[in-house]
Amino acid sequence: MKIAVCIKQVPDTSVRVKIAPDGKSIDAAGVEHVINPYDEYALEEAVRLKEQVAGSEITLVSLVPDKAQQIVLKALAIGADKAVHIKADNVPNDSLAVAKVLAEELKLGSYDMIFFGKKAVDYDNHQVGAIVAEILNLPCITGCTHYEYSGGKITAYREIEGGVEVYEVVPPVVFTQEKGPHEVRYPQLRELMAARKKPIATKQPNFSAPIMQTVELSYPPPRPAGKIVGKGVEAVPELVRLLREEAKVI
Amino acid sequence: MNSVLVFVEQRQGRIKQSSLEALSEGRRLAKKIGSTVSALVIGNQIDSLVNEISKFGPDFVILVQHNALANYSPDGYRDAFLEVVKQEQPKVILVAGTAMGKDIAPRIAAKIDAGLATDCLAIEITDDAIIATRPVFAGKVLQKLKITSSTKIATLKPNTFRTEEVSTKAPSIKKITPQIDPSKWRAVLRGIQEPEAKKQDVSEASVIVSGGRGMKGPEGYKILEDLATALGGTVGASRAAVDAGWRPHAEQVGQTGKIVSPNLYVACGISGAVQHQVGMANSKVIVAINKDPEAPIFKFADYGIVGDLFEVIPALTREVKKLYGKE
Ligand SMILES: Cc1cc2nc3c(=O)[nH]c(=O)nc-3n(C[C@H](O)[C@H](O)[C@H](O)COP(=O)(O)OP(=O)(O)OC[C@H]3O[C@@H](n4cnc5c(N)ncnc54)[C@H](O)[C@@H]3O)c2cc1C
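So the protein sequences, as listed, match chains A and B.
Mapping the first sequence onto the numbering used here, position 44 (from 1) lands on 25, and the numbers just tick up by one.
Numbering-wise, the numbering used here comes out as the position in the second sequence, counting from 1, plus 8.
Treat the hints with caution; some may be incorrect.
What the hints assert, rightly or not - When the alpha-carbon atoms are kept at most 30 Å apart in a straight line, the in silico DSSO-like pairs for lysine-lysine are as follows: (1) A:Lys5 <-> B:Lys152; (2) A:Lys5 <-> B:Lys292; (3) B:Lys119 <-> A:Lys81.
Hint data in this document are derived by calculation from the structure and do not stem from the laboratory.
From a predicted model like this one, the values you see are computed outputs, not experimental measurements.
Bound conformation, chain A alone (with noise of 0.2 Å):
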């Protein structure tokens, strides 16, 4: 099986953000950038489906600035065998470009399976896999835990309020990942070695008009100091107190 995980750069989520000086970017200054949590859940899948399905290849696709490559090296550790980046320093804000590029590359490999994360933790825009599936007017299921493989069919299974819908679909297909029951992988340092000799072709993308653009990041008021009402079984009753008269919420 031919699959594609599509993986991009994101701040440290434990990090601050900081507003840059124009008020409509990130200043990326001393941040440390990760793989995209969701993405990294999506090639943990892909990696276990290459375990089951023998002959199968993993190709990395990643849309993301030249100093990134450090996170394509890591997923490569993880288990992918190949990768494909796309240099951008600037990647405009803009879902529909960003899917566009992504599917004229997809298009290229013939791939029976493609693997988003479902959304980036930087903008959440959590659109780009869905997109990518529309243009190249292959079946997609987003939000997916977790699949399982047989006889050429896969079943997805995918988190709904109260419950969990389960898809059967027959590849090309693409999944947009949740965070699922696996925990992905830690690369060991033999795999870190071996990363760098697995092949990284690289590209130039080619934006279509943006129709959307930031206007403006501001940091939400902050939530007003708190207060301790107590210590243990004691402070019940005027916490009970406070909810009711004072917050309203009981």
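Got chain A; can you put chain B with the ligand on it based on the hints?
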């Protein structure tokens, strides 16, 4: 041509509350640009939903019905939705940011080359653009995103926009039997698994009692369920609890779980890591119960009790029951 189209989601004949929020916002936007708002409902045998939808003042209700559309189908709903979009040529399409809404909106965007703003908290509209305010970086930053495509699509964050019942003239009803071909659908829904005990989803709950690693194990959640029941809410969890296998992922709150916005969020044995915080910081009121007075959660909780949750929670449940006269 200039209209606002709101997708009103139903499952099993039940309309999503967040779709009514979207409809109310659609009506407000339509008013601002002097246009009409249409409610689009897709399903099968859904005529009876018109009454409830009408309360929120749409000018038109468009019912698209087919027996193959009784349940959600990504291919089927997309085709049915697109058929209406091609007829109506709306200027703005609003969709509630539910599992279904998040799935269908980008598909429509792709097919008509429209810009899509997801998870919107507010929308401004002008003659040729919308500017959507939406949380980015998991809510650490707010973005104003301007969309200038001829049709603009937005999904709205549930529990954010006000519903507004209005008494206007009854809407006109359009009924459509869509030109769909189920034999061409490729992703086929085989079933919907529901947990044995039906439970309100954290993304839709107005009260959430959440437990973290401090619960010590799956058994600990019993006391949280009791408190949630007393408060009329539902149980949530931190990632530590989910990764330990104590609770299902559907209950996880945070960056890689659900972003919730209840009236009341009670965090029990949760330290308040930033990835958890971003999932619940939009709660109206946050209560923290933690034995460590230095736990970061106390920095952003409105009310805190320092203490052992295994003592505090049952006492709290008793007090709440007393208040509601259930004891
Ligand atoms: C990419 C990424 C994504 C993440 N996404 C999420 C996410 O979506 N959601 C999420 O929650 N986390 C997420 N995390 C993990 C996050 O960083 C924290 O590790 C996690 O939230 C900690 O969970 P916790 O608060 O339950 O556990 P801990 O941090 O271990 O805290 C347990 C707390 O319980 C208290 N406690 C213990 N016993 C008692 C008792 N008897 N009575 C009262 N208090 C007690 C302790 O004082 C402590 O404060 C993510 C991390 C990464 C790197």
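Hints, verified against the model:
{"no.": "1", "hint": "A:Lys5 <-> B:Lys152", "in the structure": "holds, 9 Å"}
{"no.": "2", "hint": "A:Lys5 <-> B:Lys292", "in the structure": "holds, 28 Å"}
{"no.": "3", "hint": "B:Lys119 <-> A:Lys81", "in the structure": "holds, 12 Å"}
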